[in-house]
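There are 2 protein chains.
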Amino acid sequence: MDLNENEMAWAEMAVTSTILRRAWEMELGQVGVTVPQALVLTFVATSAEPVTPMKLSRLMHREPHTISALLTRMQAQGLIKKERNLERGNWVRVTLTKKGKEAYERQLGARRVRNITECLSKQELESLNRMNRKLRAKGIELLRDLLPSPFGDPLW
Amino acid sequence: MDLNENEMAWAEMAVTSTILRRAWEMELGQVGVTVPQALVLTFVATSAEPVTPMKLSRLMHREPHTISALLTRMQAQGLIKKERNLERGNWVRVTLTKKGKEAYERQLGARRVRNITECLSKQELESLNRMNRKLRAKGIELLRDLLPSPFGDPLW
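Keeping their order, the protein sequence lines are chains A and B.
For the first sequence, the tail end lands on 160 under my numbering, and the numbers increase by one without skipping.
For the second sequence, the tail end lands on 160 under my numbering, and the numbers increase by one without skipping.
Only chain A is shown next, with the shape it has when bound in the complex:
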């Protein structure tokens, strides 16, 4: 297999992010929350604006049907409520139940993986943030090209 330096870097990144994601899953698992659930709980708990399923779909970079299935499961578990707005047809606002707020607080307390960059120097951390911004911009550009339209366009 002849990999160039970018493809070798990608292999490194893919392995590293798999390990970090796995560690995050395990740590959140100890407080009874999954990674997608933690993301929903965080977005809903911290958003100044009402959160709709479509907004979560954009924030989490996942298709509406994936988010819809996730929200249905979270509602069944008593973590969120979906409130319909009668004036705006099918507009739905996602809010946290008491149990959802407690789960949000518990996942906030799981700090080890979220502080993993403590092993980097201040300069490295700045460099990492700068590279993440570049890679994210490029990733969104690639996704725009790769996503089947017409679904792709309004989301990105």
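FYI, nobody ran anything at the bench for these hints, they're computed from the structure.
Where hints are given, some of them may not hold.
Residues from chain B that face chain A, not an exhaustive set, calculated with beta carbons under 8 Å [claimed, not checked]:
#	residue
1	Ala13
2	Glu16
3	Asn133
4	Leu151
Just so we're clear, the structure is a prediction, and the values are computed from it rather than from any experiment.
The beta carbon of each residue, even a glycine, is placed where N, CA and C say it ideally should be.
Chain A is already provided as a structure; the job is to place chain B on it using the hints.
Structure of chain B alone, referenced to chain A:
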């Protein structure tokens, strides 16, 4: 929400890696391969040593039962074969079928996401590789702590 600079960096990394993973899934989807399948195909195609399910479990940082289910699906799709070694009891070697080798070649041709670090300078790429090594070592350390023993130990 009061996040420190590490936790903010983590949020950036989590979003970026989600977007990159999503783009990779989409690109591989165009050649009919999933991300976990591409990893198995690559490990089996490029390994100098015989590949066992346990070895894949270590390489992919996933539990044996997850890998077992993945391999069963890939076998049903005609991508891999599991060859039993009669001399070594339950020792199983994973090999690629003709269809599996073709799928491996197709995924090799999907190069856009794997070359995404082209948007970084040479110096940044070196710095990224160095940080990935540090983060990976720390991630494996955390996983060792987080994984329920006795399963955790032999794997890491």
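Results for each hint:
no.	hint	in the structure
1	Ala13	5 Å, holds
2	Glu16	5 Å, holds
3	Asn133	6 Å, holds
4	Leu151	6 Å, holds
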